[in-house]
Amino acid sequence: MTQDLVVTVIYIGYAVGMLMTFGTVLTWVERKQAAVMSDRIGANRAYVRIPFTQMKLIWLGLFHGLADGLKMLVKEDWKPRTYDALAYSLAPWVVFTPVLLVFAVIPFGGMLEPARLFPSLADWYGGRSYPMQISRIDAGLLVVFAFSGITIIGSMLAGWSSNNKFSLLGGLRAGSQMISYELVMGLTVLGLLLIWGTVDLDAMVRRQSGTVLGVLPAWGVVLQPFAAILFMTAAIAENKRIPFDLPEAESELIAGYYTEYSAMKMGLFMFAEFIEIAIIGALFTTLFLGGYNLPYMDDSGFRFPGGHPIALSHGAVVVTQLLVFLAKVLLVCSFQILVRWSLPRFRYDQLLSFAWKFMLPLALLNLMVTATVLWALQGSAR
Amino acid sequence: MTVRYARKRYWNERQLGRWERAYLPEILRGLALTSRIFLRNMGKWITGRKGALTTYYPEETRADYAPLNRGKHVLTQRPDGKPQCVACNLCATDCPAKVIEIEAGFDPSDAAHPKFPLRFEIDYSRCVFCGLCVEACPEDAIRMAKETPNLPSGDRHAMWLGLDELLQWQPQRDPAKRYPSAGAGRSR
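Listed in order, the protein sequences are those of chains A and B.
163 is the number that the working numbering gives to position 163 of the first sequence; each next residue is one higher, with no gaps.
When you read off a place in the second sequence, starting at 1, and then add 382, the result is the number in the working numbering.
It is worth saying that the hints were derived from the structure and are not from the lab.
Honestly, I wouldn't trust all of these hints.
Among the chain B residues that face chain A by a calculated CB cut under 7 Å, a handful are [stated by the list, open to error]:
1) Gln397
2) Leu398
3) Leu410
4) Ile419
5) Met424
6) Gly425
7) Thr429
8) Ala434
Even glycine gets a Cβ: it sits at the ideal position worked out from N, Cα and C.
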């Protein structure tokens, strides 16, 4: 029992630490990537001076995220004279918390056997093994959608309780946009559910370590390339980033539903957005990019198509899986930032008609084709 | 009854082709463009070259300053090294930003120029570099160099320069702004 607790606490610490680090580092990555993309240098003036010396650590402007956080913390926490102070102060947390909770079901590594990893712990742990995932729930993907649905309530709550017409408009926009794209997101994933027959995220990752047609890794992006594009688009829209950042369109709505928020409450909204980038990266990695595994890799080592299997030690596998997961998530995050700094914003009517008239039919079509092909294949097998 | 708002159509309005209407290819083209630039610049940074057009001011200065750029002020000197300024206060009067401060001194031993500046200070945190002081000066005692060496600072008190900094310029070594030497003046 204690053993399980120790492992779970370590997992939670790792996950929260990783998400917070991603949230902070992504602000830096976003600034720097945007700068490099547009022939600029990027923010690099914030520094940490080593006490009692004149040595200033700049580290490519890595401390700008720190400076931002500090600024948010010490700013005046201004409150509007609103009729619903409780909802007003609750809203940032309703946005922020589900974003963290989503990660509870995302596997960031394969099976961990502490006894094999640390021989000194062998007699305490015995033969126990733990999937590297905070909570192994059979309904993993459903939990993801359930939690990310709560975020909508938070942004609408913020828009409603701010007592500001810009906020209200932003909240309405956020609500309708997120509900529309949530639908598309769910429908795109249905194809994968049909193929793998499970909503357990860890089982999905395990199904992806095989091959299709003998050569290609059985990644979701290979099986459902169309769904991958649709999912990515819907996920960016769900996160309300440019090209879909209509709820917080600066030129028309100031900052949308968080116009009236200041200091760390506003910081929580921003932080939630950046963590959600990482969450989307993790989700996309898990569903479409083979999760924590390299191609042809599973918990025992590599198994190349037609070649000899290469066995790896347990420690090597665990470290590889953790690192590969981080690298893939960072890559997908970087892609989202690339999209954000490349594409122009939609108009609001375009945004909704894009969801309902373009993406929803395509997602349904994708689902239909997948179902038909699967039916044909399984029919021939039977 | 619904009223459809008809957007004004222009005679030279660009018509989207079928390929552009398909939307996704154009999006991918745009993403490819930006990621190509990203990779190019990133490659430059990684191999130790500069991958940006930005001049990293003040650590770097632009090479293409105009020859007549109005930069930091210099006080011209007489051949004996004293400032040519006669502390007439015309520049300080003319200065729109009111950044020049002069305190005059009296030197009875120099019969030709008995009045000289004890203090001549310019507050560069407020200077607008308009050059009116140069135009106002009857003695050609103040000029402006092309560059602004050592001027940028994080501390506004460090930008209040006095006689010792402004007299750094050596007119004898500047071919563009030649100082009439004592010998040349006598032969003319």
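So, going through the hints one by one against the coordinates:
1. Gln397: violated, 18 Å
2. Leu398: Violated, because the Cβ-Cβ distance from Leu398/B to chain A comes to roughly 14 Å (cut-off 7 Å).
3. Leu410: violated, 10 Å
4. Ile419: Since the shortest Cβ distance to chain A is 6 Å, the answer is holds.
5. Met424: OK, holds: Met424/B within 7 Å of chain A, min 6 Å.
6. Gly425: Not OK, violated: Gly425/B not within 7 Å of chain A, min 10 Å.
7. Thr429: violated, 14 Å
8. Ala434: holds, 5 Å
Hints 1, 2, 3, 6, 7 from the list above are not met by this structure, while the remaining hints are.
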